[in-house]
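Q: Single-letter residue listing:
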Amino acid sequence: MLYEAVRLALQAILRNMFRSFLTVLGIVIGVAAVIAMVTVGQGSTDQVEADVSTLGTNLLMIRPGQPSQGPGSGVGGTAASLTLKDVEAIEEQIGSVMVATPSNSRAMTVIFGNVNSSTTVTGTDTRFLTARDWPLSIGRAFYESEQRTGSAACILGSTVRQKLFGNSDPLGASIRLKQISCRVIGVLEAKGASSFGTDQDDIVLMPIRAFQRRIAGNQDVSMIYASIRTGVSTDKAKADIERLMRERRRIGAFEEDDFNVFDMKQISSMLTGITSVLTGLLSAVAAVSLLVGGIGIMNIMLVSVTERTREIGIRLAVGATEGQVLLQFLVESIVLSLIGGLIGIVLGLGLGLLGSRLLSIPFSPNPSLVLAAFVFSALVGIVFGFFPARRAARMDPIEALRHQ
Amino acid sequence: MMPPGTTPGTPPGTILGTVASARAVPSPGATPLISLRGVTKIYGTGDAEVRALRGIDLDIHGGEFVAIMGPSGSGKSTAMNILGFLDKPTGGSYAFGGAEVDDLSRDQLALLRRNFLGFVFQGYNLLARTSALDNVELPLIYQGMARTERRRLAFDALGKVGLKGREDHDPSQLSGGQQQRVAIARAIVTNPDVILADEPTGNLDTSRSHEIMDLLTELNRKDGITILMVTHEPDMAVYADRLIHFVDGRIESDTIPDKAVPHAL
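Residue numbers (numbering that gives the first Met the number 0), protein chains in the order written: chain D, 0 to 403; chain H, 0 to 264.
Be aware that one or more of the hints could be misleading.
To be verified - Distance ranges between label pairs, derived from CB positions:
no. : chain 1 : residue 1 : chain 2 : residue 2 : range
1   : D       : 16        : H       : 253       : 49 to 59 Å
2   : D       : 9         : H       : 97        : 40 to 50 Å
3   : D       : 374       : H       : 48        : 44 to 54 Å
4   : H       : 253       : D       : 15        : 48 to 58 Å
5   : D       : 291       : H       : 167       : 40 to 50 Å
6   : D       : 401       : H       : 233       : 45 to 55 Å
7   : D       : 395       : H       : 143       : 48 to 58 Å
8   : H       : 231       : D       : 16        : 36 to 46 Å
9   : D       : 401       : H       : 205       : 54 to 64 Å
10  : H       : 168       : D       : 16        : 37 to 47 Å
11  : D       : 15        : H       : 146       : 17 to 27 Å
12  : H       : 97        : D       : 402       : 33 to 43 Å
13  : H       : 127       : D       : 358       : 28 to 38 Å
14  : H       : 97        : D       : 16        : 28 to 38 Å
Unchecked claim - Stretch by stretch, here's where chain D covers chain H in the computed footprint (C-beta under 8 Å, at least three residues):
no. : region
15  : 78-88
16  : 117-124
17  : 225-232
Hint data in this document are derived by calculation from the structure and do not stem from the laboratory.
Glycine included, every Cβ here is placed at the ideal spot set by N, Cα and C.
Generate coordinates for the entire structure from the input sequences, incorporating the hints supplied.
A: The structure is reproduced here in structure tokens:
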């Protein structure tokens with residue numbers, strides 16, 4: 000009987016091809032929108048997670064400022080800056096920290112010959128390469144003497160190297176940063192994907208002392224990266240660093256921290272949180288479109304039931320029960336909305352793929368979402384098909400047969 | 000022939016079980032197949048009240064061929080609807096095969112129609128854009144019969160009404176007479192006890208009408224199917240063994256038709 004009902008439903012749907020298409024358009028758009036949104040949302044979440052893992056999951060960052068300002072906020076206005084002494088203390092006094100490295104950055108224009116490029120110049124030391132797990136592709140790291148004296152030696156990110164030197168050898172060349180001239184001693188390997196929308200490879204490294212003296216004009220360290228030994232819990236290391244920093248910064252027992260230690264997990268959960276809120280919001284809008292699509296199906300099913308009154312009369316006369324007529328029309332509306340759902344799924348995945356390509360994020364289709372869309376469109380068919388189907392089933396056969 | 004009571008769509012239950020044996024007792028004097036006692040039908044209420052049937056007593060035995068005549072508004076269509084389980088009487092009682100059917104639900108009445116009745120209408124009432132074979136199959140689908148079996152029975156029924164070779168034709172590709180034959184095939188495919196024919200020749204010319212009447216007569220004589228037919232053409236009524244006249248919601252006369260009227264039998 001169910002098989003017959005499905006066959007009948009397909010027949011009825013194909014007979015009114017164009018009308019059926021318009022009817023399911025609402026479902027198609029709704030399902031496609033939800034799937035495309037969630038696929039792109041999932042893709043960007045995956046991207047963030049991938050970026051975070053390129054930074055290193057065992058990395059802690061210490062910044063001055065109130066913790067409540069969150070990892071996204073800038074350097075705290077009133078909080079004292081960090082110092083190179085803090086870096087040493089963290090590395091030497093906390094056993095779980097493998098290396099600690101200072102960092103202070105500034106956006107600047109670098110010039111080589113007649114080419115210039117704006118980039119980020121970061122003052123740090125060789126341990127930066129270890130902490131960030133970022134090897135050199137050519138050249139060498141800073142010598143200890145260069146770091147101590149603050150020589151103007153530069154290591155280029157691959158983007159900067161490409162922009163300034165193209166394919167020629169940058170080693171030994173002198174680039175200009177503001178008024179200072181800086182000798183290129185090495186090039187970093189490309190990190191590839193951009194992190195949080197910025198290009199990680201668009202960077203120039205120089206010794207922190209050189210940066211402080213010649214560019215920043217102060218002794219500040221705006222951030223410390225601490226790389227944790229494998230096998231040590233991040234939370235434990237974080238607590239240790241916090242205790243040490245409170246001590247060093249002479250924060251009283253009842254005062255709040257004026258610095259901030261956060262790990263990549265926090266950053267990643269914050270960013271994925273934003274993505275999921277956006278995805279949820281857009282999906283809600285798409286769900287409304289599904290609702291509208293369902294109402295469209297109900298409307299057309301009501302028209303169809305009225306049009307086929309005589310057919311219903313014939314079916315009742317030859318002995319169809321209420322249940323059988325109900326089933327026939329219910330199955331028709333379910334098949335209709337499932338067809339819409341399937342088209343929507345294909346379209347949504349297609350749009351998701353396109354969106355992922357355009358945003359250059361991974362294409363992450365979600366099988367359970369596809370299944371959910373399928374089930375949901377069946378539900379739309381049941382919910383919105385029930386009333387018209389019941390109207391058909393409850394018809395008086397005599398009246399129905401008389402209908403012209 | 001498959002006994003109607005064993006068709007897959009028949010539910011268990013004493014009422015239907017009793018009805019199933021109806022055809023086993025075709026002789027007059029035994030329990031009538033159809034028995035109406037004091038049946039009334041009132042439409043509307045108050046001033047708008049219409050008394051369509053004002054107390055009908057009627058016994059019809061298995062194997063009879065009954066013609067029902069009467070002016071419009073005489074209640075003959077209402078009576079046919081009640082006899083065909085499409086409508087319920089306001090008062091009185093209706094026994095089918097000796098079993099009361101007055102208290103049956105809508106679905107139980109649908110099962111009675113499916114298993115024991117066949118309908119033939121004036122306007123054929125075939126499903127449009129549906130082949131003759133599919134039309135004839137329709138009642139069997141609701142009985143839950145398997146497709147191959149259904150196909151075979153529908154094929155046979157179409158052969159029986161003389162439409163062999165037209166199984167794939169749509170109603171629109173068939174003449175009026177042929178469409179009515181498809182409708183008759185649909186009525187007999189379930190091997191019913193009774194065919195209710197509501198002006199089956201109303202839309203046909205004279206020679207087509209006689210062909211249809213010959214077909215119905217054959218089904219009555221050969222297969223023993225009871226036939227109840229509403230008509231307003233005396234030429235058609237004479238095919239029956241029994242002629243009932245309705246006037247003003249009552250049975251005015253119940254006679255044997257005057258076979259002296261010439262017709263092509």
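Q: Take the hints in turn and mark each one as holding or not.
A: Results of checking the hints against the structure:
no.: 1; hint: D:16 x H:253: 49 to 59 Å; in the structure: holds, 55 Å
no.: 2; hint: D:9 x H:97: 40 to 50 Å; in the structure: holds, 44 Å
no.: 3; hint: D:374 x H:48: 44 to 54 Å; in the structure: holds, 52 Å
no.: 4; hint: H:253 x D:15: 48 to 58 Å; in the structure: holds, 50 Å
no.: 5; hint: D:291 x H:167: 40 to 50 Å; in the structure: holds, 42 Å
no.: 6; hint: D:401 x H:233: 45 to 55 Å; in the structure: violated, 26 Å
no.: 7; hint: D:395 x H:143: 48 to 58 Å; in the structure: violated, 24 Å
no.: 8; hint: H:231 x D:16: 36 to 46 Å; in the structure: holds, 43 Å
no.: 9; hint: D:401 x H:205: 54 to 64 Å; in the structure: violated, 27 Å
no.: 10; hint: H:168 x D:16: 37 to 47 Å; in the structure: violated, 23 Å
no.: 11; hint: D:15 x H:146: 17 to 27 Å; in the structure: holds, 25 Å
no.: 12; hint: H:97 x D:402: 33 to 43 Å; in the structure: holds, 35 Å
no.: 13; hint: H:127 x D:358: 28 to 38 Å; in the structure: violated, 52 Å
no.: 14; hint: H:97 x D:16: 28 to 38 Å; in the structure: violated, 52 Å
no.: 15; hint: 78-88; in the structure: holds (count 4)
no.: 16; hint: 117-124; in the structure: holds (count 3)
no.: 17; hint: 225-232; in the structure: violated (count 0)
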